[in-house]
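For the protein sequence lines, the chains are A and B, in the order given. Going by numbering that gives the first Met the number 0, the residue at position 382 of the first sequence is 381; the numbering climbs one at a time, nothing skipped. Going by numbering that gives the first Met the number 0, the residue at position 387 of the second sequence is 386; the numbering climbs one at a time, nothing skipped.
The set of hints was computed from the structure by calculation and includes no laboratory data. All C-beta atoms, glycine included, are put in the ideal place defined by N, C-alpha and C. Misleading hints may appear alongside valid ones.
Said to hold, decoys possible - Not close to chain B: a few residues of chain A, all C-beta gaps over 12 Å, as computed:
no. : residue
1   : Glu37
2   : Asn112
3   : Glu156
4   : Arg183
5   : Glu198
6   : Ile263
7   : Lys399
8   : Ile454
As the list claims (entries may be wrong) - If the Cβ cut is set under 7 Å, some of the chain A residues that face chain B in the computed set are:
no. : residue
9   : Glu35
10  : Arg43
11  : Asn177
12  : Ile181
13  : Ile185
14  : Met261
Chain by chain, the residues:
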Amino acid sequence: MNRDDIRELTKRSDVDYLEVRLEDSSETSISISGKEVETVSKGRISGGNARVLISGVWGFVYFNDLDELKAKIESAISQAKSLKGTVKETVSLAPVKPVDAVYAAKIVKDPENVPLKEKIDLLMHYSKIALNVDSYIVNTRVTYSEKKKTLCFANSEGAFVKKEILDLGGSIVSMSSNGKEIQRTIVPFGSNNNFSAVENLDSSVEDAALLAVKLLGTDTLRGGEYPVIIDPNLGGVFIHEAFGHLSEADFLSEDPKMREIMKIGNVFGSEILNVYDTGDIEGFRGTIAYDDEGVPTRKVSLIKEGVLSGHLHTRETAVKMNEEPTGNGRAVSYRFPPIPRMRTTFIDNGKGKFKDFVKDIKYGVYAKGSFGGQTNGELFTFVAEYGHLIEDGKITKLLKNVSLSGNVFETLKNIVGVGDDFTIRDSGGGCGKDEQFPLPVSHGSPHVYISKAIIGGK
Amino acid sequence: MEDKFLRILNEKNVSGELMQIQSYRLVVNFEHNRFKGIEEGETSGIAVRVKKDGKFGFSFSTDVTDIERVINRALENAKFSQEAIFDFARNKDVPEVFCFDDEIVNMSRDEIINQGKEAIEYITSLKSGIQAFFSMSKNILEEKIITTSDFSGGFKKSVASAQMGGIFNEEGNFLWVYGSLARSSKNLLNIDMLKDKLKKNLEGAERNVKINSGLYPVIFTPYSSEYLLLPFAIAINGRNVIKGTSVLKDKLNETIFSKNLTIVNDPLMPYAISTAPFDDEGIPSRRKEIISQGKLLNYLTDLYSAKKLNLEPGNASRSLSTLPSPSPSNIVIENGTEKLSDMLKVKKGIIIESLMGVQMGNVSGGEVMGNIDLGYLVENGEIIGRIKDAMISINIVDALKDVVLSEENAWTTGIVSPYILIPSAPISTKL
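With the sequences and hints as input, model every part of the structure.
Spelled out as structure tokens, the structure:
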């Protein structure tokens with residue numbers, strides 16, 4: 000279906016708002032377990048949806064057969080019309096200038112030009128590197144996923160956006176066992192424009208496998224409160240979990256108490272803390288040019304010098320909070336409507352030095368690498384790949400099963416050092432919210448020094 | 000379609016399996032105390048596995064007319080894939096199961112909206128200032144599998160699900176209470192059970208109390224026992240057993256857990272969420288006792304791991320775009336003999352309602368490590384208040400060696416479970 004046809008179908012005056020999104024994607028996924036190729040899969044997913052707003056009620060219809068678009072628009076409209084009068088509230092959308100744009104990711108090395116056999120061989124090569132490190136490496140789990148998507152968006156205001164995007168991600172997990180316990184380490188990778196993200200990982204994989212063996216039989220810290228330094232990888236997950244989700248405005252816009260807590264100008268940390276969410280850094284999975292409501296991406300300052308400075312919006316939440324749309328309206332697929340989601344979220348560089356943070360700590364933890372995290376708004380938890388004890392200003396013995404927890408608000412205020420070694424890391428998988436998982440996001444951070452956080456343990 | 004599939008494979012002289020899925024879904028959403036809107040949709044798709052030159056190939060598409068291309072892609076992929084050590088499902092009798100209810104099909108949109116209004120009214124009446132949410136969905140699923148080894152089966156399934164809860168946030172104190180339920184029969188979708196849970200959760204969290212780090216008796220409820228089952232499901236997955244990444248590897252027929260513990264995987268349970276006449280590889284469903292009075296009797300297997308481990312297959316699960324792998328169906332943890340009221344008479348214990356971050360932790364290693372999202376301090380049978388800023392860290396290999404089970408139980412979405420008391424578990428808190 001071409002641009003003009005889609006635009007014609009969305010020109011409607013009998014609705015408050017109408018949009019359609021169409022998706023056609025091809026996916027390649029590979030998984031290797033030990034020396035075995037478990038999955039080689041190529042598949043195709045296509046589908047679309049129509050979302051309509053009439054008198055404050057949203058109707059949403061999704062489908063697979065793109066030839067049914069016209070009929071599905073009608074059914075979304077009649078669905079919403081029949082619900083007229085069900086709600087008293089009126090819903091309006093923040094005004095945005097309708098764009099007419101075609102966006103194609105600037106691909107550096109296209110995975111489509113790499114033969115399938117070469118991809119499998121490369122992943123198997125990593126698996127063998129890990130397996131050959133030591134006989135205590137009992138298995139590996141190598142996953143690779145590559146999605147090429149063509150997404151079309153059009154709405155009743157005359158906007159049209161066509162996007163051609165790539166999403167590549169995965170990881171190499173080494174699993175060790177001594178018969179008594181199982182440990183694992185991970186080398187993640189991801190990109191929105193470059194197959195090279197999965198290349199040249201030999202030494203990282205070897206180091207990670209060695210580490211998985213070393214973790215066997217090491218100590219677990221006694222649970223309790225400690226000063227903690229988190230590495231850039233974990234710092235990114237921390238800010239995503241601890242603060243990013245709180246900034247998503249669907250959680251705020253209709254809750255007066257939450258709006259008070261998350262009011263612009265409220266102090267969240269010391270002046271060394273600067274946090275952003277953006278869709279415009281090339282090369283990362285969280286990079287988007289336009290969101291799924293056709294809103295151009297823009298960099299949003301969430302915390303500026305310790306003070307709350309912005310929120311993440313869809314058009315609906317932006318107007319409710321009397322703020323500008325930010326380009327954060329994202330949907331994981333055609334089966335879901337857009338909701339406020341993060342893109343690339345990061346703690347900006349500070350002036351601190353990692354080695355000074357270490358020197359400052361008498362007895363604490365250096366937590367490294369990440370297996371992800373979770374939040375309920377106030378409390379968060381995230382799981383480090385491993386850690387080291389810090390004793391009298393020196394990094395000492397290795398620690399396994401390091402999991403950090405805390406209160407978001409207290410912990411942000413307990414950030415006493417922000418390093419100058421900012422990096423963004425990508426990984427496979429993605430972020431989950433409600434049923435929408437996995438949404439590609441990225442995060443970044445320098446080393447961050449937190450004066451106290453809870454570490455789980457025996 | 001099926002004829003075309005069989006004809007093409009016959010011409011190419013390869014064996015294969017075709018899965019067809021069709022689903023319909025209607026969701027009604029209430030957020031922030033009000034009706035928000037509805038979502039409705041249909042999806043379909045086909046997935047093909049072929050066996051060529053002793054190797055498997057796989058492909059899928061949401062375009063069901065694309066069968067020829069899907070077969071060809073699967074054949075191309077077969078060059079690179081796993082060695083085919085098993086054959087696709089053969090024609091066998093499948094059991095009769097109950098997983099479809101016309102009353103779910105007939106549920107009207109307006110009827111669901113009215114349920115939602117009533118639920119929102121109820122939740123907002125429990126606590127002033129609470130932000131209530133509710134969503135209810137009806138799902139109709141059709142699955143068909145055919146193989147070149149003469150298996151041909153299909154079933155229709157209906158699922159009604161409800162989730163509801165409330166958010167009460169104020170400076171320095173956030174509280175989420177939440178419950179969800181799904182059934183294949185409308186009459187069994189007991190919204191009152193969720194209402195009761197929310198009410199009790201709010202009462203328990205009425206005030207916050209502080210505890211110190213240390214060892215505590217911990218009680219998992221029928222809702223939170225799922226956190227214990229998370230590492231358990233990984234440990235009994237036949238594929239992990241083969242790879243040496245199961246903490247229960249080489250433990251078959253050994254008594255590994257408390258004698259009080261019996262755990263059954265039951266795909267035949269009437270009107271439960273995972274009930275089906277056959278698994279996602281076309282193997283007839285059957286009840287499997289995994290743990291019997293503490294003894295490990297079986298692992299969960301798909302065709303591949305069953306062959307390698309010399310066990311019966313039948314526990315394969317998959318989505319359209321993924322290959323089958325072993326996965327739990329409906330899980331039943333059998334009741335104990337202790338009265339819940341007696342169980343709660345601990346001197347100083349913790350009740351866990353929900354945890355955060357467990358699935359990111361070392362679940363392969365048997366760890367249940369997470370932040371206590373909602374949990375209470377209980378003293379001599381009385382709930383004292385909510386504990387916050389606390390983490391639990393246990394390993395099922397040790398923790399399930401000594402458990403006490405209540406005679407009361409509940410059927411949550413995919414699990415039937417009693418209350419489970421672990422007499423001593425480490426809890427870490429802030430100073």
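These are the hints, each one checked on the structure:
1. Consistency note on Glu37(A): stated as away from chain B, yet its beta-carbon is not over 12 Å from all of that chain's, at 6 Å minimum.
2. With a minimum CB-CB distance of about 17 Å to chain B, Asn112(A) clears the 12 Å threshold, and the non-interface call stands.
3. Non-interface call for Glu156(A) relative to chain B: holds, since the shortest CB-CB distance, roughly 19 Å, exceeds 12 Å.
4. Taking the minimum C-beta to C-beta distance to chain B, about 6 Å, the non-interface status of Arg183(A) is violated against the 12 Å cut.
5. Non-interface call for Glu198(A) relative to chain B: holds, since the shortest CB-CB distance, roughly 19 Å, exceeds 12 Å.
6. Against the 12 Å criterion, Ile263(A) stays outside the reach of chain B, whose nearest CB is about 16 Å from its own CB.
7. A Cβ of chain B approaches the Cβ of Lys399(A) within 12 Å, the least distance being about 8 Å, so the stated non-interface status is violated.
8. The claim that Ile454(A) lies off the interface is violated: its Cβ sits roughly 7 Å from the closest Cβ of chain B, which falls inside the 12 Å cut-off.
9. Contact between Glu35(A) and chain B, as hinted, is supported at the beta carbon level, the nearest pair being about 6 Å apart and thus within 7 Å.
10. Taking 7 Å as the C-beta cut-off, the interface hint given for Arg43(A) holds, the closest approach to chain B being about 5 Å.
11. Because the smallest distance between the Cβ of Asn177(A) and any Cβ of chain B comes to about 11 Å, over 7 Å, the interface hint for this residue is violated.
12. About 4 Å separates the beta-carbon of Ile181(A) from the nearest beta-carbon of chain B, less than 7 Å, and the hint is met.
13. For the restraint placing Ile185(A) at the interface with chain B, the shortest Cβ-Cβ distance is roughly 11 Å, beyond the 7 Å limit, so the hint is violated.
14. Checking Met261(A) against chain B: minimum C-beta separation of about 10 Å lies over 7 Å; hint violated.
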